[in-house]
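Protein sequence lines correspond, in order, to chains R, P and V. Take this note's numbering: the final residue in the first sequence is number 347, and no numbers are missing along the way. Take this note's numbering: the final residue in the second sequence is number 256, and no numbers are missing along the way. Take this note's numbering: the final residue in the third sequence is number 291, and no numbers are missing along the way.
Treat the hints with care, as some may be off.
[What the hints assert, rightly or not] Which stretches of chain R does chain V cover? Using the computed rule of at least three CB atoms under 8 Å from a CB of chain V, they are:
#1 79-88
#2 99-105
#3 235-243
#4 281-290
[To be verified] Listing some non-contacts, in silico: residues in chain P with all C-beta distances to chain R over 10 Å:
#5 Ala10
#6 Gly67
#7 Val98
#8 Ser149
#9 Glu214
#10 Glu234
#11 Glu235
#12 Val243
#13 Ala244
Keep in mind the hints are simulated off the structure, nothing from the lab. Backbone N, C-alpha and C fix where the C-beta goes; we use that ideal spot for every residue, glycine too.
Here is what each chain is made of, one letter per residue.
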Amino acid sequence: MLFFIVDLLALGAINSIMAVGLNLQYGQAGILNFTYYTFVAIGAYVAAVTTMGKPKVPPSLEQYVLQWNLPWPVGLLLAGLVAGVAGLLLVLLVIRRLRSDYLAIVTVSVGFILWNIVTNDIPLFNGANGLFSIPYILNGQTASAIEYTVEILAISLVILAACVWVARSIFRSPYGRVLRAIREDEVVAASFGKSLTGSRVGAFVIGCVMGGLAGALLVFYLTAWNPAAFLAEESFILMAAIVIGGPGNYWGAVLGTFVFVEFLTEIARYFPNVGNGDLIGAGRAIFIGVVLIAVVRFRPEGLVPERWLHWYGRPGAGAGPAGPLRSWRRRRSPQLSAGDAQGTADA
Amino acid sequence: MLELADIEFAYGGSKAVAGCSFTVADGLATGLIGPNGAGKSTLIEVIAGGLAPDCGRVVFNGVEIQGLGRAAVARAGIIRTFQTTRELAHLPVLENVVVAAPDQLGESLFASLFLRRRWAAQEAVLRERAEELLDWVGLSKLRSEPAGSLSGGQRRLLEIARALMAQPKLLLLDEPSAGVYPAVRQLIAERIRAIVGQGITVLVIAHNMAFLGEVADDVVVMAEGRVLARGALEEVRRDQLVVAAYLGGGQMRGTS
Amino acid sequence: MNLFAESVGFGIVTASVIALAAVGLSLQVSVTNFINFAYGDFMTFGAYIAFSANAAGLNFFPAVLVGAAGTGLLGMASNWIVFRPLVKRKSRTLVLLITTVGLSFIVQNVIVLIWGSSAQRYTVSLGRALHIGPFLFTPGDLILIGVAFSLLALLHIFMQYTKFGTSLRATSNNADLAQACGIDTSRVVMGTWAISGCFCAIAGVGLALETNTLRPTVGFNELFVVFGAIILGGIGRVYGAMLGALIIGILTEVSGMFADPAYKGAIAFAVVILVLLIRPQGLLPSRGRSA
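For reference, chain R alone in the conformation it holds in the complex:
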């Protein structure tokens, strides 16, 4: 029982990192990325092949490249980095058509294609079997399952905290405001000189980096990397979880992911099969679909809406503007006399 709880928490922390990343892309920047798991998979893969070292089983069972034996923190960082670069490449691909439906179908298609390539390519990816000799990090080789899980949980929480800090800093900044404006109405944002692509690329890439980090943690925890875990459906489910939880609010994203991605999956694992083995998986998916449609229909801002987040933090500076800014203000603004206003215009 204890293991169940700790396992739930560890996977929950990892999934929350993904949630925050996707929230940054979709919730804050309004970019529809239907293949988030691709970046998780990329991060996981990079973490694996940079830390696995020489193969321990004959090549007929498992083949992979690099075969480096770097320390796991390096593998972790590389995972995030490569995922970020991959995200950058994707964005550059669609940069001239950052329309939501275009993005949606291109991202989905990229996900499918990559899966197609990965499962067919033995030398690089070991095909559909995936990689399974991934070493434990820290003292995992000798520690008990619970100990290892707690270690992974601790590391994940640290990374999660960092990701939440990033999401929060962005949300409370002018950058976050520009993202929200672009999300609400691109034409208006452009009409005030905001750079549509320049602004959103950054958020997208950071979201991918988070996905990569989550992937690395996942692979360190599960010590296996299997393409089946990164199917297109998983990306859809993650997206659904974010939308239900509250797309504009990173806590909502965490909640949605915890409940719908993780909890439902894990609960299914621990209960005996009810009749047909398909039933649970199908039931879960139908449940998510129905809730998704219901939420979009009746509570579109999600369970935890964006407005519960504080728009502005304390900007830091005291009462008045600093020296050079004061003269900038005086020089540029027209002399508006507050006396002109005739009460509230309430027509």
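Following the hints, complete the assembly by docking chains P and V onto the known chain R.
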């Protein structure tokens, strides 16, 4: 300040703007009027960079800006309002205004994460200015309301405040008083005069002659994609061509 | 040369199925302005209905018609229950897209609940392959190509010469304007879902017959190919979808001559990506212009 030369634009097969040329003088309010379908809104879209003209030039302070795109035109100093108000409905009114300010230090990813001290001061200044503007249009009490909950007239005022926040050199007002009560229309007219009084050049599209009379020094009349007449409102109203255009295709409304 | 011609032939067969699917989706997108991510599952649904009807005793072609009708109804029901309320509220495209994802979960997994998740064998034996000119076709292939061609031709006639077709084109061009002209746009939308459903069901059957297997993910896995065709032709452009389907179909098969057949999909998609980079609005000449 703004010079349009032989602008043409066709939607598919039909020519919305067919050879339009005029200039907008510095520091004045110029009105743009014409019956429905005259091409006014299309022309404004071309000026604002939303559409690239099939031919012709838009010259702003000596620089050709046609086809550069909305963002570039906005950064050059031309700011517009929209015929159907486009407020950012889910964001608070104050945020709607603050976002419009140009050259914000905190607007990059890097700055948002690591340079908080640099932009925090500017942020305070901008918020103060936004509050002033909201106060000036009378929307102060609504600063935290989502912009989508405002009434039509309030949204028009919000768009004006937002446009001013962007420190425009040229302000394009697309039907700024359409669909509002006379009292608000009056307020808007007064505000526009005040804006011009501060030295900001204004180009106003309007249908309502009386409104235009209060706001514009000079009027350009368009019909069927061309400029028909130019001059003070009184002269233009009596111009034969103008009368024909209105009586032929629509109604010339003299009063509100 | 022989092999090349044969590949092209196979490509045309593949393209026929993709064309039917892509055209159905394009029709729907052009009128409703959002992409239905459950489309692949609609295809699967149609195939399963046809399969069951066939297994229940109906002949092949009537069974397919039943599948088409069933999917058309599914489309209309989805519109009525799920999409119309959101459209009435002027929800953003993004939101509607997300909803179709939810619909996809439901449709795909209801299929699993009813028919199980294991693969079913779906064959229609119609004789051996024949050499026709330089091509190699089975009678089934020929029928498929024939059906696709006739349906597309019928659609063209329908769109150009019937009242409803004209209303459809008007609505897809500018829904507000169409409504102002007196066209009942909600009826047009309903009708489009029905037509799109029929096309996608037939495509689903064709798809299942290509591999002789039917499983709940058949349509969903084909989605990206259909998307590829639509990207090539330009989103929402029906004739573009036909062109895109043809290109992808032939490319996929011909590439099998040069590279490992397992990567057919990847290669075809590489072409799509190339087109995206060079000409994001699709291969057909553009309709309007904005900066």
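Here is what the structure says about each hint:
Counting residues of the stretch 79-88 of chain R whose C-beta sits closer than 8 Å to any C-beta of chain V gives 0, which falls short of three, so the coverage hint is violated. A stretch counts as covered by a chain when three or more of its residues have a beta carbon under 8 Å from one of that chain; for the stretch 99-105 of chain R and chain V the count is 5, and the coverage holds. Proximity of the stretch 235-243 of chain R to chain V, defined as three or more residues with a beta carbon under 8 Å from a beta carbon of that chain, is established by the 5 residues found. Three residues within the 8 Å Cβ limit are the bar, and the stretch 281-290 of chain R against chain V gives 8, so the coverage statement holds.
In this structure P/Ala10 is separated from chain R by more than 10 Å, as the shortest Cβ-Cβ distance comes to about 21 Å. With a closest Cβ-Cβ approach of about 14 Å to chain R, P/Gly67 is found to remain outside the 10 Å limit, as its non-interface label requires. With a closest Cβ-Cβ approach of about 7 Å to chain R, P/Val98 is found to fall inside the 10 Å limit, against its non-interface label. For P/Ser149, the shortest C-beta to C-beta distance to chain R comes to about 12 Å, beyond the 10 Å cut-off, and the non-interface label holds.
Distance to chain R confirms P/Glu214 as a non-interface residue, since its nearest Cβ pair spans about 15 Å, more than 10 Å. Distance check on P/Glu234: its Cβ is at least 28 Å (rounded) from any Cβ of chain R, clearing the 10 Å threshold; non-interface status holds. The beta carbon of P/Glu235 is kept farther than 10 Å from every beta carbon of chain R, the shortest such distance being approximately 31 Å. No beta-carbon of chain R is positioned within 10 Å of the beta-carbon of P/Val243; the least distance is around 32 Å.
Even its closest Cβ contact with chain R, about 35 Å, leaves P/Ala244 beyond 10 Å, as expected for a residue assigned away from the interface.
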